[in-house]
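Each protein sequence line maps, in turn, to chains A and B. Numbering-wise (the working numbering), the first sequence opens with residue 1 and increments by one. Numbering-wise (the working numbering), the second sequence opens with residue 1 and increments by one.
There's no promise every hint is true.
Sample of chain A residues facing chain B (criterion: CB under 8 Å; computed from the structure) [stated by the list, open to error]:
1. L305
2. T309
3. R361
4. R420
With a Cα cut of at most 25 Å, we get these calculated DSS-like pairs of lysine-lysine [as the list claims (entries may be wrong)]:
5. K242/B x K208/B
6. K170/B x K208/B
7. K76/B x K421/A
8. K208/B x K169/B
9. K242/A x K23/A
10. K242/A x K242/B
11. K242/A x K268/A
12. K421/A x K242/B
13. K76/A x K268/B
Rather than coming from a laboratory, the hints here were simulated on the basis of the structure. For glycine and all other residues, C-beta sits at the position ideal for the given N, C-alpha and C.
Number of protein chains: 2
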Amino acid sequence: MEIKSYMARIGQQAREASARMAKADTATKNRALMFIAEAIRRDVALLRTANRKDLDIAQDNGLEPSLLDRLTLSDKAIETMATGLEQIASLSDPIGEITNLRLRPSGIQVGQMRVPLGVIGIIYEARPNVTVDAAGLCIKSGNATILRGGSEAINCNQVLASLVKEGLKKAGLPEQAVQVVETTDRAAVGELITMSEYVDVIVPRGGKGLIERLMRESTIPMIKHLDGICHVYIDDCADLEKAVEIAFNAKCQRYGTCNTMETLLVSKNVALEALSLLARRYHDEEVELRCDEKAYQILFEYPYLARATEADWETEYLAPILAVRVVNNLDEAITHINRYSSKHTDAIITENYSHALRFLREVDSSSVMVNASTRFADGFEYGLGAEIGISNDKLHARGPVGLEGLTSLKYVVLGHGEIRK
Amino acid sequence: MEIKSYMARIGQQAREASARMAKADTATKNRALMFIAEAIRRDVALLRTANRKDLDIAQDNGLEPSLLDRLTLSDKAIETMATGLEQIASLSDPIGEITNLRLRPSGIQVGQMRVPLGVIGIIYEARPNVTVDAAGLCIKSGNATILRGGSEAINCNQVLASLVKEGLKKAGLPEQAVQVVETTDRAAVGELITMSEYVDVIVPRGGKGLIERLMRESTIPMIKHLDGICHVYIDDCADLEKAVEIAFNAKCQRYGTCNTMETLLVSKNVALEALSLLARRYHDEEVELRCDEKAYQILFEYPYLARATEADWETEYLAPILAVRVVNNLDEAITHINRYSSKHTDAIITENYSHALRFLREVDSSSVMVNASTRFADGFEYGLGAEIGISNDKLHARGPVGLEGLTSLKYVVLGHGEIRK
């Protein structure tokens, strides 16, 4: 009950702050971002101390090394947070922009104005930098936000929260536009994802376990993706040099990201050559190849070889493992992708114009690519300037989500006294 | 269990058909629409007979006159259905359009392609024309659709469904792109709104009771509005001639529509004159005025006068009744609207430039208007060409929803062999 009323108060305050944020002008919002960046740089020592406290507790609790690594706030990471805020300040303000103003036969002019969503709830794991990135994006897009970070980062997040509030206040914006949930009680998340009177959208950032739990329990719409089972299809009309570079990059440039390729499809007409070339590259990285029968026959001498089972087509490895399948043609590739893809990012490698167009049109994923690495599916690479997350859903924002994904459109009608006949 | 498997089969068929619809070219989709229009005109007699059957049953069941009226399919209504399809055919095809293709520093080109949502479930009451309108919009936007109309119209809907299927087949499109649920069992609705593996979005069309029930039970996102509590605010800088015309039109042009004004706000500086002028107009239509204290003092001689209670600010009358409140200024008007409005449509009447801009920016509704009747909030009036419904929500489509609201965007990346560095 205490948590319930605590969260309701936070929700109410956020709702109130969101009305003031929606009206705030661009210069004021940018000033707040710059003040926060300034405060972060000033208080590096304070942040390091708070982070040290979090790390000590985490070590005592036996946290995994990879999580400790994410939790660590180096001087460089702190500077990156400050720079990130300056970048967000330099982006153009989407709010208030009116587009498509058209004169109608009745005499009225009808257009659409971009407006904030309202209150954004962000739930993330032990990465303190998300606190600042998310706060920055929400401030710029005129939203209020409620941040619930991993309990492991609570000390650091509280310091960051105070710096954000300082910046907001100095700029004349409501401090409660950004609130960090200050309890590590898990029940707080349960409240956050069900108090639909105060929260308009939830953005979860974290592993599949977190997202699945939130999907089951949230009554508020989410901007999210569950996983990234991304495909590269090497077409029979592929330039094999490009194909090898892209298929290597898409798998090996980073294993742990959601836009990493997890399944490689190869047209049977080029399978022998393409797989032989690729095997040499993957060999250096000791990538395990889990192959269907035809690919297995071609790669039988490859040392890190395994047979693929049905489960492999549905697995996001996030590791040096790749599922490989030989397909008869483009149709089979598209069918495979539309069945097994997590609708994140899929690419075709081809020089054939019609194949490229068909792939773009018929693959039902949030990003479809021709002759480019799936690793490009990213807000910065797409030119959004920043990224709050990636959505695999079809409603509202889809693909990498930047400032615009935190906004909505309303119709504006400019009349001169018109009435409906 | 039988209903469950019946609905699952329909869902599966819709999902399969949606993949073919997504690929269909514009000419083919338009041909299907024209064939359906042709079949409707050919089978007017058949439709009248089926409608007669529905009406007889409805009369035996003692259906209200207003519902009988909606259920009735006149020759004119049948012709309007056919014309509606021709209009949809004449709209430009949103699907496949690529916008914002921009070259990025990495060398890739990034744009967005408009794509269908997939499978749309439409739930409506006893209005047979919705069957054809909704089918037409879904066909044009490359979606498959499952239609569940009111059980009172089942005979008529079955004939319409067969005509739609005939048109689809003749054009070479999958007949199962449009399926009418052929059972009147209410459990079918329960299935439709929870089979998220087959249905991407639900569009409910009907009264508040229907929508509320669906909101409680649906696990699939909806494009919907619950009610229309629309406001007109007569500012102290209003041209009173325009104000009177608009406030009269917004209330009296039609009582039963969601974009009808339900509350009139008047600035205290012009209240005496504006309300006196308006009372003469409302008097002719015997509109009951439910007034706050200040308005009551001004209108004390008006014959259809009542005192407003808190509940009146939250009521959608759909009748010749109007809540009236005198406010001190623009701020108070905006505060009242943002508190009580159903976020459908709200208008200001003013000649003051700054007041107009502030109202447009600060009123948080799906349509905001200056010097125009709220009755203009409509897909046809806005130039969308057609309307599947109106959404008061902020995610995805907002305001009147046309073809574009039945679509999504995906990112397309055109590369030349680029890899991520």
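Verification of the hints:
1. L305: 25 Å, violated
2. T309: The hint is violated - T309/A has no Cβ within 8 Å of chain B, the shortest such distance being about 23 Å.
3. R361: Cβ of R361/A sits 6 Å from chain B, so the hint holds.
4. R420: Holds: closest Cβ of chain B sits about 4 Å from R420/A, inside 8 Å.
5. K242/B x K208/B: 32 Å, violated
6. K170/B x K208/B: 38 Å, violated
7. K76/B x K421/A: 20 Å, holds
8. K208/B x K169/B: 36 Å, violated
9. K242/A x K23/A: 49 Å, violated
10. K242/A x K242/B: 66 Å, violated
11. K242/A x K268/A: 18 Å, holds
12. K421/A x K242/B: 15 Å, holds
13. K76/A x K268/B: 59 Å, violated
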